[in-house]
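Colleague: Let chain A serve as the given structure and place chains B and C on it in line with the hints.
Protein chains in written order, with our numbering: chain A, 1 to 309; chain B, 1001 to 1636; chain C, 2001 to 2209.
Simulated from the structure, these hints should not be mistaken for laboratory data. Cβ coordinates follow ideal geometry from the N, Cα and C atoms, glycine included. Treat the hints with care, as some may be off.
[To be verified] DEER-style ranges, computed between Cβ atoms:
#, chain 1, residue 1, chain 2, residue 2, range
1, C, Arg2127, B, Pro1615, 27 to 35 angstroms
2, A, Leu31, B, Leu1068, 33 to 41 angstroms
3, C, Phe2086, B, Asp1572, 28 to 36 angstroms
4, B, Phe1624, C, Pro2072, 45 to 53 angstroms
5, A, Cys235, C, Ala2132, 30 to 38 angstroms
6, B, Trp1033, C, Leu2101, 33 to 41 angstroms
7, A, Ala35, C, Val2151, 50 to 58 angstroms
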Amino acid sequence: MHSVLQALGVHAQHIELVWHTMLWVCGFMYLLVIAFLIHAIWRRRGDSDAEAPRRMSVALAGWIGLMVLGLFGLTLTSFLTDRALVHAASEPQVTLKITGYQWWWEIEYTNPDPSRQVRTANEIHLPVGAQVLAELGSNDVIHSLWVPSLNGKRDLIPGRPTEISLQPLRIGRYRGQCAEFCGLQHAKMALEVVVESQQDYDAWYERQLAAAPPASEARAARGQQVFFNTACNLCHAIAGTDAAATVGPDLSHVASRRMLAAGALPNDPEHLRRWLQNPQREKPGNHMPIVSLGRDDLDALIAYLGTLQ
Amino acid sequence: MSAQSPSLDGEWLDESATRQRLEKTWDDAPGLWGALTTLDHKRVGLRYIVTAFGFFGLAGVAAFVMRLQLAHAENDLVGPDLYNQLFTMHGSTMMFLFAVPIMQAVGIYFVPLMVGTRAISFPRLLAFSYWIYLFGGLLLWTAFFLNIGPDAGWFAYVPLSGPQYSPGKRVDIWAQMITYTELSSIAVAVSTIATIFKQRAPGMALNRVPLFVWAILVMSFMVLFAMPSVMIGSSFLIMDRLVGTHFFNPAEGGDALLWQHLFWFFGHPEVYIIFIPALGMVSSIVQTFSRRPVFGYPLMVLSLIATSLFAFGLWVHHMFATGLPRLGNSFYTAASMVIAIPTGIQIFGWIATVWLGKPRFTTPFLFIIGFIVVFVIGGLTGVMLASVPLDLQVHDTYFVVAHFHYVLIGGGVFPLLGAVYYWFPKITGRLLDERLGKLNFWLFFIGFNVTFFPMHYLGLAGMPRRVYTYSSGLGWDGLNLLATGGAVLIAISLLLLAFNIVRSLRSGAAAGANPWDADTLEWATSSPPLSFNFTHIPLVTGSHPLWDSERLHVMRGLRLDERELVLTTVLDAQPDLREPSVPPSIWPFLAAIAVGTMFVTSIFSPWAVIVGAIPIAITLTAWFWPKSAAEEEIEQ
Amino acid sequence: MSARDLDERPLQFMGDLSHLEDHGHSHRSLTWWGMMGLICVEATALGLAVVAYLYLSTHEQQWPPAYLLPDPGWGTAFTVIVLLSFVPNMLLDKRAQQEKLGPVRLWIVVMTVIGFILVVIRYFEFRSMHVAWSDSAYGSAVIVLLGLHTVHLVTDLYDSIVLVVLMFTRHGDTGRRYVDVAENAIYWNFVIYVWVPIYVVLYFVPRWL
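Chain A extracted, bound-state conformation (with noise of 0.2 angstroms):
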């Protein structure tokens, strides 16, 4: 779900309140003017009649009159709605740090337990109903986190933090998109929000935890060799291995996104492969190089990234 339209957060719907209310105030000044205007250029032209004039400045009262109220009444709708929106998530049970790069996301799951803080990368899970507030940073430029069925944007600024509070109130796949321009790939730095039950997101977030399995199985283990030997480790992370880099996406339980490269791809096999044959040609100017695999090394890779469940 990706509109303004289909508000499933409380933000959301509290903003979605506040279209309609514009949108039926202005709708009805719209008609007023209309009016006005086809009624000026129709209507029959008798004799001049020197009274016009008088009641038009009667009527231009009236209009300024009409304009300050309906004015006041959005601007009090607008504010009233902004300390709604304040008030909505003041006691989280989510916390997390969300950073921008080009062009995806970094999501951090923030806990005072070192051991239990998680990491991954362009799809945020959430136990449906609960506060979230997320601590928004950026690595390098301006980007703008915008999911719009459950809230509205908050820039991502190097040197100023900034943070954002949503609260999803149904179970289900919620798109956001980076919303301020940030270059090369702006268009496709995408991410998924997966609301679900509280014990799917429990469960989920254990399975987070746990370091990736060991590659037992033949194919898998050279892939993984693979991984080391073509330096994909110098950018990706993987927990349980040497792989610790943080320049690219956190790769530990990549198999479990449903997308590849910040939505720009579905996460299955065949799209992965050719992701990593040519990633510029999916995303052209993404920071991921492309690196030349045989074929056989290529499946193993495939094979080895499949098991980061």
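Modeller: Leaving out everything else, chains B and C in the frame of chain A:
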């Protein structure tokens, strides 16, 4: 000098003899030399208009290519690099090289005519401003065709536009283009303000000034106070990029939001700089074709002034998503709402004028009706965007794209096209074809709405701005295709306009001095006007000189053998001084080359600023050096 | 019918302009309005540069961040001289409006010499800031603010030199040249006025913060 001197104009001289002598004094040299040295505000103004429409065409083609790219999901007509250049070029060109210059250009051409003077103030500054503007525009588009066009957006947010994330020369070219065009814009504003304050025809007190002239005056003041902000901003940016300052570098105590404040402190007033002159055009056209004075003149003037003041108080509404303090945001919400009131009053004023008058449905008038129908939608979505919560949803989406095209095309281009049909006869002496004009209007009106109305919905459906492509299955496909279809209609309608213009230039019906039976002074002279505008300086005794009297009231006593103007007092326009006007000169052109060279070379070496100052000083000195023979003769 | 179709509206002569003077001072002259426009633009630019300085200062724990404070000596000397120059400048303006050649020649030379001294002091002032533009945002703001004022200073000095030359040639003793001299004096006043807030910002704000 005694009256009845043969060197002064007056009833003692035959009209055609007077004109001949004035032509000798005021006409430019023939050929290229005349073209390079001319100070005639009409020639320069027309050059500005044609150049600005040229850039409009280029930026329009850029937009059209973008619409083709977005016609369906995952289209690969253009890649991300070219697409980002295209929207940067489109935005920068439309704002800096088309919208502001064209509005100023119409002012350059018509303000001196409407206030009844022979020439604009500081004509050499004006000539200089045109060359600087032309060079800035050419620099930008040359860079684009060499594939080093800027690609960081017309707003060039740091750090994306900074040295680290935009290496190369692309953003430098953008920043220098800004400096060029803002310099030219400020120069025009200074010329225009002095002309309006000091050169109005005797008797044209401030309460008799045509609304169009008021609009240009208000806009010029806005230019004086808004443009420095973007010039400071672009200077900081280029220094960060070229000599290693840290204004916007958070690692060294700089701040990315400083750029946004500087940019929007200019950028929001910029919208009104475009829109306010257009309101002046609307007033002129409504008045003429309703055959009645605009309803509520004092209120219309006050509304213009109020709008310009409020415009400086709401730049932060472009920055709601950056998480600034909420209390401050509420202030900007209120300010952004309040600005709707003066605009609402003016809309009422025009409709009331039509209601009270006897409208004639000519093409210019149709464009004004189109303006009201379209612009009011843009104004109302502007009210929506003033709300912080709603803005956080639709900010940087196609909803905003729809909004500002309704405001800028609705509020700027519709009146401008109306003005083209309205004033073309004055500029060329020939009428445009009305039937083609009406077809032009309807195609443009329908095409515009088909293109931009669906974008409101696309934005609400989650489509962000500045994306070179989108995935299928998000529900955006159909409306994007529709919008592209609308763009085709817009393109056809503009080609039709071009055809109409070319045809009329060849074989249009002769217009005569006052084809629309309008009331303001530009219609009191020939079409096209002579180099000296008026054979005799008009005397204004009412608000509507050509309606108030069958006769043209004029003054005698200006020199025929020297360029001379009459200066009047600021409020009441009482005649005060006879002011010499400078003769043609090549120096403004050479000074523009010196300044232009300095800007371009400064991209490659900061030393160019120091070295380049020398030719600039030389050319400027030569420019201002008294032309003694002519001038001192007047002194004695 | 020719394209240049003249309006056939009958004319009625209502008055005479030939008795008007051919130049006037202050707001009666066009030059004054041009100068005012320019001053508006430059005052806005300088004001925004000051605001940018103050805006950047709110982001730092310490201001100047880890750098030496500017030495106030040269800056204060500059301030004293520039404020004192108000007097000869006023005299120049007055004499120019009275169109008296001798005194105008004297005071324009004095003003040029003062301008030259100030440019020399400004050179040492730059060195006494103890910061380079590339050190930090603070350094950038300081140097650019000082630099912007210096541009105005140098421009006016150059303008004064040109006027000195003109006043000692045959172009000097004409009404319009006196208008130019008077407008230049107004511009110098502007250079004085804008310096005061910049001085306070550069030398005192770091001490107060």
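Colleague: Compare the structure with each hint and give your call.
Modeller: Status of each hint after checking the structure:
The beta-carbon spacing between Arg2127/C and Pro1615/B, approximately 29 angstroms, falls within the hinted interval of 27 to 35 angstroms. Checked against the hint of 33 to 41 angstroms, the C-beta distance between Leu31/A and Leu1068/B comes to roughly 35 angstroms, which is consistent with it. At roughly 34 angstroms, the beta carbons of Phe2086/C and Asp1572/B sit within the given window of 28 to 36 angstroms. Take Phe1624/B and Pro2072/C: their Cβ atoms lie about 38 angstroms apart, and the range 45 to 53 angstroms is violated.
For Cys235/A and Ala2132/C, the hinted distance range of 30 to 38 angstroms is satisfied, since their beta carbons lie about 36 angstroms from each other. Remark: the range hint 33 to 41 angstroms for Trp1033/B to Leu2101/C is upheld by a beta-carbon distance near 37 angstroms. Between Ala35/A and Val2151/C the CB atoms are about 57 angstroms apart, so this pair conforms to the stated range of 50 to 58 angstroms.
Comparing the model with each numbered hint stated earlier shows that hint 4 is the single one that does not hold.
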